[in-house]
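There are 2 protein chains.
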Amino acid sequence: MLKMIHTMLRVLDLDRSIAFYRNAFGLDVADRYEMEGFTLAYLRNAGNGFELELTTNRGREDPYPHGEGYGHLAFSTDDLEGEHERLTMAGVAPRDIKSLAYGGRPLARFFFVSDPDGYQIEVLERGGRYA
Amino acid sequence: MLKMIHTMLRVLDLDRSIAFYRNAFGLDVADRYEMEGFTLAYLRNAGNGFELELTTNRGREDPYPHGEGYGHLAFSTDDLEGEHERLTMAGVAPRDIKSLAYGGRPLARFFFVSDPDGYQIEVLERGGRYA
Numbered sequence: 001m002l003k004m005i006h007t008m009l010r011v012l013d014l015d016r017s018i019a020f021y022r023n024a025f026g027l028d029v030a031d032r033y034e035m036e037g038f039t040l041a042y043l044r045n046a047g048n049g050f051e052l053e054l055t056t057n058r059g060r061e062d063p064y065p066h067g068e069g070y071g072h073l074a075f076s077t078d079d080l081e082g083e084h085e086r087l088t089m090a091g092v093a094p095r096d097i098k099s100l101a102y103g104g105r106p107l108a109r110f111f112f113v114s115d116p117d118g119y120q121i122e123v124l125e126r127g128g129r130y131a
Numbered sequence: 001m002l003k004m005i006h007t008m009l010r011v012l013d014l015d016r017s018i019a020f021y022r023n024a025f026g027l028d029v030a031d032r033y034e035m036e037g038f039t040l041a042y043l044r045n046a047g048n049g050f051e052l053e054l055t056t057n058r059g060r061e062d063p064y065p066h067g068e069g070y071g072h073l074a075f076s077t078d079d080l081e082g083e084h085e086r087l088t089m090a091g092v093a094p095r096d097i098k099s100l101a102y103g104g105r106p107l108a109r110f111f112f113v114s115d116p117d118g119y120q121i122e123v124l125e126r127g128g129r130y131a
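Heads up: the sequence lines are chains D and G, in that order. FYI, this note's numbering numbers position 117 of the first sequence as 117, with every residue one higher than the one before it. FYI, this note's numbering numbers position 85 of the second sequence as 85, with every residue one higher than the one before it.
Mixed in with the good hints, there may be bad ones.
Claimed, not checked - Only some residues are given here: those of chain G computed to face chain D with a beta carbon under 7 Å:
(1) T7
(2) M8
(3) A74
(4) S76
(5) T88
(6) F110
Claimed, not checked - Residues of chain G placed beyond 12 Å of chain D at every Cβ, according to the derived structure:
(7) I18
(8) A24
(9) R44
(10) R60
(11) D79
(12) E81
(13) M89
(14) R95
(15) D96
(16) I97
Unchecked claim - Here are the simulated distance ranges between beta carbons:
(17) D:Y33 - G:A90: 28 to 34 Å
(18) D:G59 - G:G37: 38 to 44 Å
(19) G:G127 - D:D15: 14 to 20 Å
(20) G:G37 - D:D15: 21 to 27 Å
(21) G:P116 - D:M1: 30 to 36 Å
(22) G:Y102 - D:S114: 39 to 45 Å
(23) G:A19 - D:L12: 32 to 38 Å
(24) G:G59 - D:A19: 27 to 33 Å
(25) D:T88 - G:E36: 39 to 45 Å
(26) D:Y102 - G:L12: 21 to 27 Å
None of these hints come from the bench; they were simulated from the model. Ideal Cβ placement from N, Cα and C applies to all residues, glycine included.
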């Protein structure tokens, strides 16, 4: 069976990104590979084994244009307000908590935060369809 | 605990993308929401519950510029050659199987394929660090 195992993003400063994802989202570096010209790091989520792969190309100094296609990576949490406060205290500057309804019923409560390269991350309250 | 639950990509033709991800990767639509101005679909992977969220903005006709930041979404499989052949027969046109070594040892065997919007998908042979 085919199984989704990771998503890959290119970042400018790998150590900065690793520190961010550890502090903000509790991801640990499962493996790190120094290749010729680039470095790969796999950041693992204990919850389901899915990984965020970060790639740094050595010598790259200009930020990667993000385009409009890629949206975000989402995390779920049991304690949305608590995570929002924790991230605020950590200096990560989460945006306001919002909610989305569907057919007159609540569908989602969430906020967004930017990573050091400006990628968007959604934090969703666990419940309903968001497990 | 924070848990990675989905990644989101914007697509032009939702039905075309849903058909592609079903046929090529066995993802099923867990939920679909027709919102004002956009549609969301959550495509679920039975293996670990991680989801691919597809967003279609109604009225959007021009392809989304992809930029250079977002890399790919990866799947693992026990049968890399079999999947490559199956996707070839399905008309999905996977690229050649390649391998990557690290420290003189095999690290990964994989191929890439493009989805209907041109997003890159990696199919990795299960084994070693790629479970």
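Status of each hint after checking the structure:
1. T7: Status holds, d = 5 Å.
2. M8: Nearest chain D Cβ about 3 Å off; hint holds.
3. A74: With a closest approach of 5 Å, the A74 (chain G) hint holds.
4. S76: 5 Å, holds
5. T88: Violated, about 15 Å.
6. F110: 11 Å, violated
7. I18: 16 Å, holds
8. A24: 9 Å, violated
9. R44: 9 Å, violated
10. R60: Its Cβ does come within 12 Å of chain D, the nearest being 10 Å, so this is violated.
11. D79: Incorrect as stated: the minimum Cβ-Cβ distance to chain D is 10 Å, not above 12 Å.
12. E81: 14 Å, holds
13. M89: 16 Å, holds
14. R95: It holds; R95 (chain G) is separated from chain D by about 16 Å at its closest Cβ, greater than 12 Å.
15. D96: 19 Å, holds
16. I97: At roughly 16 Å from the nearest Cβ of chain D, I97 (chain G) sits farther out than 12 Å, so the non-interface label holds.
17. D:Y33 - G:A90: 28 to 34 Å: 32 Å, holds
18. D:G59 - G:G37: 38 to 44 Å: 42 Å, holds
19. G:G127 - D:D15: 14 to 20 Å: For G127 (chain G) and D15 (chain D) the Cβ distance comes to about 29 Å; the hint is violated.
20. G:G37 - D:D15: 21 to 27 Å: 40 Å, violated
21. G:P116 - D:M1: 30 to 36 Å: 23 Å, violated
22. G:Y102 - D:S114: 39 to 45 Å: Once the Cβ atoms are compared, 31 Å apart, the range 39 to 45 Å for S114 (chain D) and Y102 (chain G) is violated.
23. G:A19 - D:L12: 32 to 38 Å: Between A19 (chain G) and L12 (chain D), where Cβ atoms are some 37 Å apart, the hint holds.
24. G:G59 - D:A19: 27 to 33 Å: 41 Å, violated
25. D:T88 - G:E36: 39 to 45 Å: The hint (39 to 45 Å, Cβ to Cβ) is violated, given that T88 (chain D) and E36 (chain G) are roughly 30 Å apart.
26. D:Y102 - G:L12: 21 to 27 Å: Holds, at about 23 Å.
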